[in-house]
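Engineer: Sequence:
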Amino acid sequence: MDQSRSRRQLWIDADPSGLVWTGLDCDDDLAILAAQGLEATGEATVAGLSICAGNAPLLHTWENAKTLQSVAQFHWNLSKGAGWNTMQPAWTSLRLLARCIDEEESSDAAEAIIRAAAALPARSLTVLCLGPPSNLARALRRAPWLAERLEMAVLMGGELTQSRLDLNFMTDREAARVILASSLPTMLVPIQTCAQVAVTPAWLRRLEECPPRAVAHRILPKMWLQTWVMPKLVNRRVKAQTLPGRPTSSGLQSGFIPWDLVALLAASRPHLFSWESWAVELPSCERREPCDGTMRSTLLLHLDTESNASDDPFATFARTSPANAALIPWLRVEEGAVLEQMLELLCSVHGSGPETRLQLGFIPQLSLAALMILAAIVLTARVCVSLCTRLVSRMSPPSSHGASKQDKKD
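Heads up: the sequence shown at position 24 corresponds to 24 in my numbering, and the numbers run straight through without jumps.
Bear in mind the hints are in silico, worked out from the structure with no lab data behind them. Positions of the beta carbon are idealized from the N, C-alpha and C atoms, including for glycine. One thing to keep in mind: the hints can contain errors.
Pair by pair, the computed Cβ-Cβ distance ranges are [said to hold, decoys possible]:
no. : residue 1 : residue 2 : range
1   : 390       : 233       : 42 to 48 Å
2   : 375       : 344       : 27 to 33 Å
3   : 66        : 92        : 19 to 25 Å
4   : 368       : 395       : 36 to 42 Å
5   : 97        : 375       : 17 to 23 Å
6   : 118       : 41        : 48 to 54 Å
7   : 205       : 387       : 53 to 59 Å
8   : 147       : 350       : 51 to 57 Å
9   : 271       : 95        : 37 to 43 Å
10  : 296       : 92        : 23 to 29 Å
Let the hints inform the model, and build the full structure from the sequences given.
Structural biologist: Structural data, given as C-alpha cells:
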C-alpha cells in the first residue's frame, strides 16, 4: 500500500443512539469509537463529527453524542445539524412525532463541513455519512464547489435489488439524490454489503472480555437488546433482499448488522473488500417527498485493485467510472476476520468517568400515552357496561312477583 495515502482524513456525520433506550440502533456509537481506534493506529484522522436525526430525533442523538464525547474523551469538532423536521421520513408516525418536539436544528454541521474542506488540501477529506446524508447535502447546496474539493462521500445506505430502501435513505431520499447527482465521487455501502457481517451473542461475550475501561462496555446493554430485537424485526426482510452470489451472514439468525462499522472499514481499510462500480439512480417522487420509491441500480464493472500498485480503489474509481456511478464494496476476506478487526478496534478505546446510564428517550412519553390509552379503554368499557345494563333493564319483561300483585288487585 502507498503509505502516503494510508492515513485517511475523515469527517464523520452520524445519528448515534446507542445510549438511548428508544434509539433504533447502536452502530453509529460503535463506529465512532472504532474511528478513535483508527486514529490511534495512524490509519485515519477525524477532522470533525456532525450530528443529525435518524435513529432517534436530534434532541436525543445530540445528547447521545455529547455523552459519548465526555466518556470516550475524543476532541473532535462536534456540531449539530439536521433534524426530522427538515427531512422526509417515510413513516407517517415519525413525521407526526417530528411536529410535536422541538429538535433545535442547526446549520452548524453544514458550515463545519465546508470549513473543514476549505482548510484541508483539495481531494483529501472524505465525508462518511452514517445516518441520513442531510448535513452533507445541505453543505453541497450552500457550497457547490465542495463536489470538486472533497475526496469522496461514503454513504451508509442504498439498496441493489430495487426493494425497500434502508432507514437512512428512507428518512431523506432527497438528500441522497442531491449527493448522487453531484460530481462528488460517492461510495455506497448498501444493505447487501452490510448484511455480510453480523454481531452475534458469541461476539458480544468476547467484547465483554475487553479491558474494563473500554468505552464499548457502556453500549453493551443496547447491543444485547439488538441481538434479540433485530432478528425478528429487520433481518428477515434483509435476507429476502440478497443478490445472487452475495449471501448474507449466517449470524443474522441471532444477531444484528453492524451497518456503520462496515462502512467505516470500507472507507479506511479498503484492502478488506473487492470493489464494483454501479450506475445508481433515486427517481424523484411523482408528487413530492416522501414516497416509497426505491433505488435503481445496474452493475457497470468490477474494479481490479489487486493488480493495481495502490491498494486504494478510490483513485481507480475516479479514473474509470462515468457520471451517476457509485463505488460498491463487497467482503474480500472472511466475515470472521472483519469481526476480529472490529473487536480489536473497540477494545482499544478506553474512557473514564462515572458509569453511563442509558437515556430514557421516549419512554416517559410512551408510558404516559399507554396510561392514557388504558384509562380511555377502562372508561369506554365502563360506559359500555352501563349502557348495556340500562338497555337490558328496559327490554326485560315485568317480574312474576310484580304480576301476581297486579292479579290480586284485580
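Engineer: Evaluate the given range 53 to 59 Å for the C-beta pair formed by residue 205 and residue 387.
Structural biologist: Distance hint for residue 205, residue 387 holds at roughly 57 Å.
Engineer: Determine whether the Cβ-Cβ distance between residue 375 and residue 344 falls within the hinted range of 27 to 33 Å.
Structural biologist: For residue 344 against residue 375, whose Cβ atoms are near 52 Å apart, the range 27 to 33 Å is violated.
Engineer: So the hint says 19 to 25 Å: do the beta-carbon atoms of residue 66 and residue 92 match that?
Structural biologist: For residue 92 against residue 66, whose Cβ atoms are near 30 Å apart, the range 19 to 25 Å is violated.
Engineer: Quick check: does the Cβ-Cβ distance between residue 296 and residue 92 fall within 23 to 29 Å?
Structural biologist: holds, 25 Å
Engineer: Do residue 271 and residue 95 keep their Cβ atoms within the hinted range of 37 to 43 Å?
Structural biologist: holds, 42 Å
Engineer: Range hint 51 to 57 Å: satisfied by the CB atoms of residue 147 and residue 350?
Structural biologist: violated, 38 Å
Engineer: Confirm or reject the claim that residue 390 and residue 233 have a C-beta distance inside 42 to 48 Å.
Structural biologist: Since the Cβ atoms of residue 390 and residue 233 sit about 46 Å apart, the hinted range of 42 to 48 Å holds.
Engineer: Taking 17 to 23 Å as the hint, is the beta-carbon distance of residue 97 and residue 375 inside that range?
Structural biologist: With Cβ atoms ~21 Å apart, the hint holds.
Engineer: Note whether the CB distance of residue 368 and residue 395 lies within 36 to 42 Å or breaks it.
Structural biologist: Holds - the Cβ-Cβ distance for residue 368 and residue 395, about 41 Å, lies within 36 to 42 Å.
Engineer: Cβ-Cβ distance between residue 118 and residue 41: within 48 to 54 Å?
Structural biologist: violated, 28 Å
In this structure, the hints that do not hold are numbers 2, 3, 6, 8, in rising order.
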